[in-house]
Amino acid sequence: AQKVTQAQTEISVVEKEDVTLDCVYETRDTTYYLFWYKQPPSGELVFLIRRNSFDEQNEISGRYSWNFQKSTSSFNFTITASQVVDSAVYFCALSRAGNNRKLIWGLGTSLAVNP
Amino acid sequence: EPEVTQTPSHQVTQMGQEVILRCVPISNHLYFYWYRQILGQKVEFLVSFYNNEISEKSEIFDDQFSVERPDGSNFTLKIRSTKLEDSAMYFCASRGTDTEAFFGQGTRLTVV
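Those sequence lines, one after another, are chains A and B. Position 13, counted from 1, in the first sequence is what the numbering used here calls 14; the numbers after and before it change by one each time, with no gaps. Position 40, counted from 1, in the second sequence is what the numbering used here calls 42; the numbers after and before it change by one each time, with no gaps.
Hints were generated in silico from the structure; no laboratory data involved.
Simulated pairs of lysine-lysine, DSBU-like, Cα-Cα distance not exceeding 30 angstroms:
| no. | chain 1 | residue 1 | chain 2 | residue 2 |
| --- | --- | --- | --- | --- |
| 1 | B | 85 | B | 59 |
| 2 | A | 71 | B | 59 |
| 3 | A | 4 | B | 44 |
| 4 | A | 71 | B | 44 |
| 5 | A | 4 | B | 59 |
| 6 | B | 59 | B | 80 |
| 7 | A | 4 | B | 80 |
| 8 | A | 4 | A | 39 |
| 9 | A | 39 | B | 85 |
| 10 | B | 59 | B | 44 |
| 11 | A | 4 | A | 71 |
| 12 | A | 39 | A | 71 |
| 13 | B | 44 | B | 85 |
| 14 | B | 80 | B | 44 |
| 15 | A | 39 | B | 80 |
| 16 | A | 39 | B | 44 |
| 17 | A | 17 | B | 44 |
| 18 | A | 39 | B | 59 |
| 19 | B | 85 | A | 4 |
| 20 | A | 17 | A | 39 |
Chain A with its partners taken away, still in its complex shape (with noise of 0.2 angstroms):
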């Protein structure tokens, strides 16, 4: 069965801090994909970033950056000198490869970023 965990349920930092929101999760699979989703208060689902099973390599956007390692099964996922507006919940998301590809999600992290 597939299953993701995102232990933390609540953050709360201060503007300029970086933050790490941690995703841990389960499958079965050899091919699968991670995903991470920002839900801002106003309630919509903003794709962040995916990532497919065969590619570890860290990637950074901007303040984001993400840290996939396969031997703890961990996606965990990093801002840094976080800023107001990153205020939001973030869901990380597992799906497996193949023609459906619905996704299952962790609980969400809720993210306060504090002025």
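Chain A is already provided as a structure; the job is to place chain B on it using the hints.
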């Protein structure tokens, strides 16, 4: 930039009534999904749809739910007889052959 469009943004309905939630996926996408999120909780998969048929459905997607792609552009979710526990945000998503899922803005369904 192409986007998934959902209507209405908010629907209030009486318990026992039928509701239809509408979605217009991105035009060249082939895979369609409905998810729901009860307030403050995680996002849950309801159903996936490909080639004009359901490819997978979750335990939540019981006989009260149905999906349709009636005219090649819209993708609808129908709940035949709503219950209080159907109150949630419903998200439609579509996906191309090798893209991530793109989500609509969601429809907030309130059953009273």
